[in-house]
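Novice: For chain G, the structure is supplied; the task is to place chain Y on it using the hints.
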Amino acid sequence: ELKVEQNPLFLSMQEGKNYTIYCNYSTTSDRLYWYRQDPGKSLESLFVLLSNGAVKQEGRLMASLDTKARLSTLHITAAVHDLSATYFCAVDNNPLNGSGAGSYQLTFGKGTKLSVIP
Amino acid sequence: DTGVSQNPRHKITKRGQNVTFRCDPISEHNRLYWYRQTLGQGPEFLTYFQNEAQLEKSRLLSDRFSAERPKGSFSTLEIQRTEQGDSAMYLCASRKSDSNTEAFFGQGTRLTVV
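Going down the list, the protein sequences come from chains G and Y. Remember, our numbering sits 96 above the position in the first sequence when you count from 1. Remember, our numbering sits 14 above the position in the second sequence when you count from 1.
The following block holds chain G by itself, in its conformation from the complex (with noise of 0.2 Å):
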């Protein structure tokens, strides 16, 4: 059964620091995604990483994959307050074989609430 762990599940920073959320999978797989999801309201796609080594950017968010570790890090740089919300790293359950025979369901990380404090 895949497994997929973020932390830390909490993370109070200050406006303007810099800080990385780690998403640890316990499966192979090349299929990661990053949301967005602010309180109340639905998930926000942030990133589709696809390959070992991808890396990409989007304003003050970086994400990258290692699928030999099976770690996604997301990097925050120079927190602002508007980033607050929390957010989940999911794992594609793709078949190994490539076949395009599975489900693709995305199985989710527990969250990472992020506060960015003034």
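Please note that the accuracy of each hint is not assured.
[Claimed, not checked] 25 Å max Cα-Cα, derived DSS-like pairs, lysine-lysine:
#1 Y:K25 - G:K137
#2 G:K206 - G:K137
#3 Y:K71 - Y:K85
#4 G:K152 - Y:K110
#5 Y:K71 - Y:K110
#6 G:K164 - G:K113
#7 G:K164 - G:K152
#8 G:K164 - G:K99
#9 G:K99 - G:K152
#10 G:K206 - G:K113
#11 G:K113 - G:K209
#12 G:K99 - Y:K25
#13 G:K206 - Y:K71
#14 Y:K110 - G:K137
#15 Y:K25 - Y:K71
Derived by calculation from the structure, the hints in this document are not laboratory data.
Specialist: For chain Y alone, kept in the frame of chain G given last:
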């Protein structure tokens, strides 16, 4: 708005009643997923459809739950004889069958069983 649409947004029901939720996916997306999210947790997979065929169900989906996608477009999720433990946000997502695209989520239906 061409995103994933869910109705109703909120539902309060008494224990033992049946409830039904609807999801309208993005029009060209042939895969549709239902997830459940409880407070403080990440979404958990319930079931998914490719077109009208329900291809996989999680063990979380007890026999009180049933999902349909009759014409391969919208989907419904019904919960019979609701229990307090069913209280959660029910999220619908859709994506193309190309595995290299992300799933897009609807706003969710928040169910409260009293």
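Novice: Work down the list of hints and note, for each, if the structure agrees.
Specialist: Verification of the supplied hints:
1. Y:K25 - G:K137: 15 Å, holds
2. G:K206 - G:K137: Holds - the C-alpha atoms of G:K137 and G:K206 are around 16 Å apart, at most 25 Å.
3. Y:K71 - Y:K85: Within the cut-off at roughly 19 Å; holds.
4. G:K152 - Y:K110: 22 Å, holds
5. Y:K71 - Y:K110: 19 Å, holds
6. G:K164 - G:K113: 29 Å, violated
7. G:K164 - G:K152: Satisfied, since the Cα-Cα distance of roughly 18 Å is no more than 25 Å.
8. G:K164 - G:K99: 16 Å, holds
9. G:K99 - G:K152: Given that 25 Å is the threshold and the Cα spacing comes to 23 Å, the pair holds.
10. G:K206 - G:K113: Roughly 24 Å between the alpha carbons, so the hint for G:K206 and G:K113 holds.
11. G:K113 - G:K209: 16 Å, holds
12. G:K99 - Y:K25: Violated: G:K99 and Y:K25 sit about 31 Å apart, past 25 Å.
13. G:K206 - Y:K71: 21 Å, holds
14. Y:K110 - G:K137: 23 Å, holds
15. Y:K25 - Y:K71: 23 Å, holds
The structure fails hints 6, 12 (numbered hints given earlier, in ascending order).
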